[in-house]
Every structure is written in structure tokens, then in C-alpha cells.
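A.B. asks: Here the protein sequences line up with chains A and B, keeping their order.
Per numbering that gives the first Met the number 0, residue 0 is the first one in the first sequence, and the count goes up by one each step.
Per numbering that gives the first Met the number 0, residue 0 is the first one in the second sequence, and the count goes up by one each step.
I should point out that these hints are in silico values taken from the structure, not numbers from a laboratory.
Just to be clear, a hint being listed does not mean it is correct.
Not the full set, but computed from the structure, chain B residues with beta-carbon under 7 Å of chain A [stated by the list, open to error]: (1) 33; (2) 63; (3) 65; (4) 67; (5) 68; (6) 71; (7) 256; (8) 493; (9) 494.
Result set (DMTMM-like, lysine to aspartate or glutamate): computed pairs, CA atoms no more than 25 Å apart in a straight line [what the hints assert, rightly or not]: (10) B:297 / B:311; (11) A:510 / A:399; (12) B:297 / A:193; (13) A:510 / B:27; (14) A:510 / B:31; (15) A:510 / B:311; (16) A:510 / B:55; (17) A:510 / B:32.
In this text, a Cβ means the ideal position worked out from N, Cα and C, and glycines have one as well.
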Amino acid sequence: MMAPGSRIQMKAALQRESVGLGEAALAGFRSAVTGFSAEQLLWASGYLAGLATVGAAPAAPAQAADPRPRLTILYGSQTGNGRALATQLEAAAARRGVASELVSMADYATARLKREQLLAIIVSTHGEGDPPDDAMELHRFISGRRIPSLASLDYSVLALGDSSYENFCQTGRDFDARLEAAGARRLADLVECDLDYTAQAATWATRVLEEAEAQIGRHEAANVPQLRVVPAPPRAGRSAPFEAELLVNQRLTGRGSTKDVRHLELDIEGSGLTWEAGDSLGVVVRNPARIVEPLLEALALDGAAAVDAPDRTLRDELVTGREITTLNRPFLEAWAAAEPSGRLADTLAELRGAGFGQWMNSRQLIDIVREFPAEVASQRLLEMLRPLQSRLYSISSAPELAEEEIHLTVALVHYEAFGALHWGAGSSWLALDRDEGESLSVYVEPNPRFRLPADDAPMIMIGPGTGIAPFRAFMQARAARGATGKNWLVFGDRNFATDFLYQAEWLRYRKQGLLQRLDVAFSRDQAGKRYVQHRLLEESRELYRWLQDGAHLYVCGDASAMAPDVDRALREIIVRETNCDEDGVENYLAELRRAGRYQRDVY
Amino acid sequence: MSPPEQSAVVEVERIKAASRRLRGTIADGLRDEATGAIADADTQLTKFHGIYQQDDRDLRNERQQQRLEPAHSFMVRVRVPGGVCSAPQWLALDRLAREHANGTLRLTTRQAFQFHGVIKRRLKPTITAINGALLDTIAACGDVNRNVMSSPNPQLSALHQETWQIACRISERLTPRTRAYHEIWLDGERLPDSGAEDEPLYGPTYLPRKFKIGVAVPPWNDVDVYTQDLGFIAVSEQGRLAGFNVTVGGGMGATHGEPDTYPRLGDVVGFCTPAQAVDVAWHVVAIQRDCGDRTNRKHARFKYTIADRGLEWFGAELAARLGFALQPAREFRFLGVGDRYGWSKGLDGRWHLTLHVPSGRLADTPGHTLLSGMRDLAQMHGGRFRLTPNQNVIVAGVREADKRRIEAVARRHGLMHDQLPSALRREALSCVALPTCALAMAEAERYLPELVGRLETRLAALGLLDEPITLRVTGCPNGCARPYVAEIGLVGKGPGRYNLFLGGGFSGERLNRMLLENADETEILAALEPLLAAYALERLSGEHFGDFLHRSDRLSGSSGAERRQP
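So that you can see chain A by itself, here it is in the shape it has in the complex (with noise of 0.2 Å):
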């Protein structure tokens, strides 16, 4: 066995390599180089090296063999039209033995445009120079700062329009102007259509063919793979996080939301950082003023006062120093002794029992200033507060489908209380206080308790509110290895019409049909609450077939009220479905959680 750290890096170099390789050609080294020992795996990449100096490779082994280039078949099109036109470009590639795949713009993972190396666009303009609905995504994505370098993509853009409308065609025009920005090579030339563009599509669609086949060929006469060696990149962690850039902080919750949940992407290229769908991610926050200086007000201090560190102020240490929101008792008893009235003292000695905890977890350090005052030097208060802690988030995708993104699902604490707005500090800072274009500071913490199952296995997620972020992983791991075991997810939050994360996502892979079941529990749609726990007490019989089935659970989320009561749930189904008593219940998930069946991220 290799170490845990070199096969990390040997992971990481692989995964870089497939810029180089290609997936296919990678797939094939990976499976030529299994089952080698560590040593044998050293012995390969000096080998390998050699070749790369010497400039030449040997020939591969048939099986190994790149395969020819496929011809990828994009199209957009609000009426029909552009559809009709790609299926019949896919029949036409099919006739010529041109290898396509036909794809709607609408189920397109961006993340793969990277990696195409024929590319046909067939795209229609609509209004006044709008894209179609299923066209938008992949229009913003390509018309955006990310778009990757298409060095390797040859593509040819078939744009339909109505010439009676200003910016004709603008659609195509894009496509084809940005796609040749980002270096790749035309295999024919923009064509335009109008209404009538029977001709012109079929004119376009044989030029396109030839020039794909002309291109296939090339390629198989040079198919030989070029290994570049490149060097690990040194790794990010907890001690040393990465700077990502913020590329996007997109609200996902809709119009009249009674919350605010953010889908952040984090550009992580060249930073090393490696991870596995479950994993979590560090992201080191500062407090915003929207806490810091209301803070400061109630203190009655001056945040430009000097304190024992060098160059530091106050306002410095309590923004980037400190925890200046959550409570603990050192805190509370230290700011007890302060207190001139005792009222604090007094109050903590009454709650001794079992009230301390929801009292204390019900207020931030701004109540206890507010309620309590007391007279407390900056140097002195800054010792009774803990140091600021890095702020741990699921992370919501997964690295199969884009390695040098990762993305996290947060929500904005806020509510208000004891007649003031209050603030969660990490989660507004992140969703309010940072624009695309900047940086976090970020590391990888890895969860190796919340894995997916074999790719095989079937698989029921419960993961409502933010709980769902590990499982817009999962699934993205799984659809992108192809996995053929079952999922179901379940999903739960207030509002239908606004609260559903990801919604057109899960639809999506629904649809692809690797989603087998897809249900949800609304808390605020009717007139009772509905969770998750009672969607689950619903589905009695059949999650208890999936668990019969090798199913494993996995539950993330709230771990207060959430966890315990799924837990519940689950325990009342498998007592109705097998008439077991308490004993049996405890040994039916005792065997679940020996074998890794019943895994939950919660807090």
C-alpha cells in the first residue's frame, strides 16, 4: 500500500494528466497501470518520463487505443426546429459512420465543453438577439470569464434566425465568436439562417460531416498518446488554504422566499486541493461590519483603540481575531464577573440545569453586551473571546465532473430577535459581503464517514434544507462514473414554489433516469407541517424494499430536530414492516451502520 498523501498526489497528477490524455486514453493507462505495486507504479512513471524526453512512445496496445474523436451534436431551439435539424444531422453522421451524440443545450454540463474535440452548434435567436430558454445556461457560461480553453475543440455553429429582427442570428454569432476566442478551430464556417434554411442546413450539415471525418482521420493517424509529465502542485490544507477565486454567488432560493440560500463556485485551479463527493470544505471567514460594528456601539468601545498585538486595532481583532457571535460559558462567567448589577451572575446560577444550553445557544454576544452591560477594556475583552474559527460547508459537487471548481450550498442565517437583526457571521459574510471576482481563503477537510456506496449499490439520500449539498455530489460523482445502482433523494424546506435547491437539476437527472425516485415534503404548503420524516413514514413499504434491496441511507442536515426525527422514522418503519420488537429495530441498524449503510453528516 502507498502512503495516504502519494496517492492523493498520484491522484492529483493523474487527474491533471487527463489534459493531456483525454478521458478515454486516461481511462485505458489508469486500467493498464491497476493492480501495480507502489514500487511498480515509480518504476512506470521513470519509464514513461524516459519516453516523454526521448520523444517517442510505443505503440499502444489495441485496447488501449484512443478512441476516434465523437462528433457532439449541441442544439437550442425554443420551436423545434433546431432539434429536428440536429436529429437529422446524428441520422446523417450515423449513415456516414461518423460516431455523434446528440445533446439538448438544456442538459448540457458546462464542465464538458472542455473536453469536446468536434463540436457541431446548431442554436436559434430569438427577440431582440435573446438565445432560446434551454440555450441560456450554456450562453451565460460561454459568453462568461470561465470559459475554458478550447485549444483541442474543432466545432462549426448552424445559427437560425428571422431576418425581419434586429440582431439576426446574434445567438450563432456568439457561439461562434466565442468559442474561436477561447482557441478553437472552426471545422466550417458560421452559417445563417433564416426562415427558410432547409437549403442552407443541409448544405451546412454535409460540410460539417466531411470536414469531421477529415478530422477523425487526422487524428487517428496521430493517435499516439503525448504524456506530459507535469509535477504535483503543492497541496492546500487546513495550515496553508488555498486563495479560490469566487467565480459565482448565485441566490437559489426564489422570489418571496422566507430565505436566502446561496450556490457559491470556487475556481480551485491549480491549488492541489483534491476531494471526494461527502468531503467538506474550510473556508476562513472575517466577521462583517453588519456584526462587528453594532458590536462596537454596544460595547461602548472605539474600534480604532490599539491592542497588544502590533499594527492591530480592535475593530482589526474583532474582525478577523475573534468569534464575536456564538456564546460559551468561559465567555458568559468571565463576562459575569464584570457585570456590576450581578444580574448575569444570578441568571447563569438559575440556569444550572437543563435550560443553560437553549439559553445561551438562543442569544448572541451582542444580547449578553446589551442586556448585561459592563465595563470591559478592548485588551481584556479580546481575551475572553475564543479565536475565530474557519467555517466548515458541504461540499456540492463533485470533483468527476469538474475538478478545478467546487461549489457549496449556503444558508444565510438571519432572523431577528430580542428586537434586533441578527446575523449568522460566516454565513453572511460569504453571501452578502463577497462578489465574484474575489477570494477565500479555502482547504479541503476531508469526511471519509460520508462516502458513496458501490456503484452498484442503491441509494436513498434525506437531505432536506442545505442537507442536500453532499447529495448534488453524490450524484454528480454517480452520473459521471456511470453508476448503475438506484438513488432516491429526499428532499424538505418551506416553500415549493421557492425553496426547492437545485430543483431543475434533480428533475433533470429524474428525466435521464438516474433519479429513480425524487420526493419532497414542504413544511409550509398546507395547513400542517409536513418534513421529510413524514414523506419517509409515507414511503414505508418501499424504502423498506430499498433497504432489503443493499440500499444505503444517508441522512444530512439539521442534527437538533431533523436527524433524530428521520431516525424515528426509520425505526417505526422497519418495526411495521417487520413486526420486530425494540431489540430487533436496534439490531437491524446496528447491522446497517456496521456495514457503512446508514451514514449521516449532520449538525
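We have chain A; now place chain B onto it with these hints.
C.D. replies: Leaving out everything else, chain B in the frame of chain A:
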């Protein structure tokens, strides 16, 4: 026609055929809580149940970025033959509008009610409640005969009463026989023949496309009889209904840039007696069922069957099926397509008040309380209401003693026509368009008040404020507000852009012509200004704007809306 469109058509025909008499998987779709939509194929089928899936297009882009599905909701159209409904029915629909829909009721150009913004889980309770009020939504949309229109107030005269009754009989006779509606929406029992019910008129694939019927009572062509697939024009002799002149082959829909599609006015093909009218309707629909084009939805309306095969063929075909030929058409005369606003007195001494509803939208907005106003009227009136083909409503059968009270309430809520600044505003129609209609390319209902306001300042300067001019705005070329017979028609082409049509007949007897293509408001106003100014100066006494444009030869450069009629 291009092949892609043909394959799309075959798709709808296939869906209908496989639907087990319009059931499809609608019931499963209603149970699916993960989406506010139903299956794509089922969206074709719910139309036959009076239900259109839509989404809020104002939010479409935003929700896509939020990774949410579109904000789906449903439009529910209530079938109201001849637009006749009672006060208790009105109150039931008003409550549904507020509790299950978006807080508005919309009166359509076909004398029906529409609810907008009904979300999926409220669909079934809504349909159940509509049926509880003894109304339904069956065949309000879909490839069947739609709501049968009839000159709007049967209480006005014995003639109106008789024509309305015939309209109802036609509607009843042409309603699909499938029990799918009752099973899906009303928990109706499943019988052994469920899914294979006999559809004596429609058969398993229903019609190639929608079918519209209207009954007019001259001298008013308020039902726009020439725009109907099949029209009946009442002919009276000595104050009694002698029968109907029959028109066939009208229709509005067209597609931009496709000259093979065009609006067409119906042709008068003969005369039938009142007793023959229902059979005539049945057989005309059957002809379209058998001879309509099922390979291309854009060529599937009855007007193309008539245009392609000719009136002679049609006359022979109908006579063969009926077993008799229609009599020669009789004399009649139309004076206009609009409503007679204000009070009118019926033969029985009761009074009828026609109110104005802008674009048919009854809503409560700051400063406007049309929905509440109508509710107040329904509560105090207790009698009947009539929806007009011009998106308006009539309070019918008011006793002399109640007139003042009714009018005071109507006035308080801004429903009286004389509270409007111009006759143009009164005569204006628009379709729904954005944000809910999936077909809209430009604004219509939301834009109409602005456009009319701009025109009114010009009309005021020209002294034309009291001159009735028909203005109709639609968000797309399909023509729900019948724009191609308007004196001024705007047909949406893109955001803020319209094709401008001018010169339709005031009585709906002549199509207009396209003057501008893809024009913005500035261009449209610039084109209209000199024409209105000339009209103000040069019109003959009683001459309508559309007639004036033709007489003064001001449309010579423009192209006919009806471009390729043989």
C-alpha cells in the same frame, strides 16, 4: 412546409390517439409533488379539459439562474355558452379567483372566464368548485369545438333568447363524450369502457385543430362572425327568427414569416332554418374532422380546408352529408363589432347595463377595484350577468327601481364606459400575452393602456376622442383578440415591436393590411399620426377610420393580411 414542423404535428396526433380518450398520465402528473408541471404530452391533453400549463415568463430567466424550474401555473378556462351566467355563479368564480388563482378574473374575447396562476396542487379543487357552481371547463380549449359564442344578451329580445338557446344546443351536441374529465377532476367512477368511450363526432383523435363557432344577431356583429370557423347570422322576419345565414372558413391565426399561413374571413354559403342549425354545425365539424390537414398544425384549421378545396366542394360535401342543400343566403346588414355601452331596455321592460372592463381583466389594483366592484354588483343584483365578445360584462335584467343603485356601484368602481377618456379606449381589445402566455412575443394587455394613452393625446388634439375606432393588440400572430379585422391592429413580433395593420372593417367585414413590420412604438405613432390627422379633416359624415383609409387610398403600399388566399 418544412419537415420538422410536420413531425411535431404527427406528435400531437399521436398523443391524442394514445391518450385513452384524453386521459394520458394527467392523474399521475397531478400527484407528482417534485414539479409544478405535468408531463409534456399531457399538456396537450389538459387543453381539452380547459387547462393550459403556463409559466411566469417575467421570472423565467431569474429562476433558471436559481436552478429552479420555471414558475409553472395553469390557466383554467370556464366554458360559458353565449357568456350567460348567474350571480351565484359569479360569486363562486370570484371566490376561486381570489383563493386559488392570482386574484384576477379575466373575461375573454370568446365570452368565457379565465383564471390565471392556478398552481398544480390547487387545480383539482378549482375544477371541482367550478363544477360545483354548475359550470365546467370541458372543451374550453383543445382540438374540439370551443365555447360557442352568441350575441350576448338573451334577455334583450325574443330573437336573442332563441339564438342563445340554439348556441347552447350546438355547444351541448358538440361536447366530447369522454368521461376522462369526470374521472380526473371530479373523482368520477371508472366504467368498463373507460378509455375507449364512443366519441360519435370526434373519434379517437378529435379534430385536427381547434374549431370556433359564433352566432350573430344583426345589426351587431359583436361575435365577429367572419372570424369564426363556422358562423350563424340570425335572420329575422316580422320580429321572429326565420333562420341563419351560414358562414364557413374564418380564422385569425398566422405565423410570422410563413406566407402559407394567413387570417381569413368566413364566406356566407347559404341559409338554414333554426331546426337545421344544430345538424349543420355537427356535419360541418365532421367535414373538418375527416378532411382537415392532420400532417401540419399550421395548416390544420378549417379555413385552410375551405381555401384549399373551395366553396363548391364544401357545398356539395355538406349537402351530401345533410341530405339537403342550404337555401340561398338572405339579406342582412351589420353596423359594427363593438358593444352598446350603458343602459338598454329589453322587450320585457327590464334594463341591461353594459360595463367596460379593460382587456377583460377584473382585478383590484391601487385605485382600481373592478373585481370587488363586480362582486358588489353580484351580491346586490342577484340576477344575471352576460359576458360580451368584447371582453366586457352586462348586468342583465335590472328592474327600473334598481337602476340608480346599480349604476352608482358600477360608477364607484370605475366600470362605467363614460368614465373613460375616449371611444378608442372603449373599443380596444387585447389578448393576455406576457407574462403568462407561452406564445407571446411582445406585451399586449400590460401595454395597451400606455399605447391608448399616447394615442389619446393625439386624438384629443384632432378632436377625435369620441370617434369609435377599433384597436386590437395581440402579443403574437395567433390572433386571440382578432387583430386582423381591427381598424388598427398591432401584432407582436418581439419585445416592444409589432407589425402594424390598418384598415379593417368597423363591422368586421374586411381584413386589414400590414403597413409596418417589426416597428417600435415611435415608428407606429409616427405612421398613425398623419393618417389620423387626415381622417380628422377629410372624413365623410359617419365614415369609419378603416373605410376612410381605403377610400382615400392610403394603404396602397401595404400588403394584405390575407396574403395567399386563392
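A.B. asks: Run every hint past the structure and note whether it holds.
C.D. replies: Hint by hint, here is what the structure shows:
1. 33: holds, 4 Å
2. 63: holds, 6 Å
3. 65: holds, 5 Å
4. 67: holds, 5 Å
5. 68: Holds, because the Cβ-Cβ distance from residue 68 of chain B to chain A comes to roughly 5 Å (cut-off 7 Å).
6. 71: Interface hint status for residue 71 of chain B: violated (9 Å vs cutoff 7 Å).
7. 256: holds, 4 Å
8. 493: holds, 5 Å
9. 494: holds, 5 Å
10. B:297 / B:311: With a Cα-Cα distance of about 24 Å, the restraint between residue 297 of chain B and residue 311 of chain B holds, given a limit of 25 Å.
11. A:510 / A:399: holds, 21 Å
12. B:297 / A:193: Since the Cα atoms of residue 297 of chain B and residue 193 of chain A sit roughly 19 Å apart, the hinted pair holds (cutoff 25 Å).
13. A:510 / B:27: Given pair residue 510 of chain A, residue 27 of chain B holds - Cα atoms ~15 Å apart, limit 25 Å.
14. A:510 / B:31: holds, 13 Å
15. A:510 / B:311: Violated, because 51 Å separates the two Cα atoms, which is more than 25 Å.
16. A:510 / B:55: Satisfied, since the Cα-Cα distance of roughly 22 Å is no more than 25 Å.
17. A:510 / B:32: holds, 15 Å
In terms of the numbered hints stated before, the structure departs from hints 6 and 15, listed from lowest to highest.
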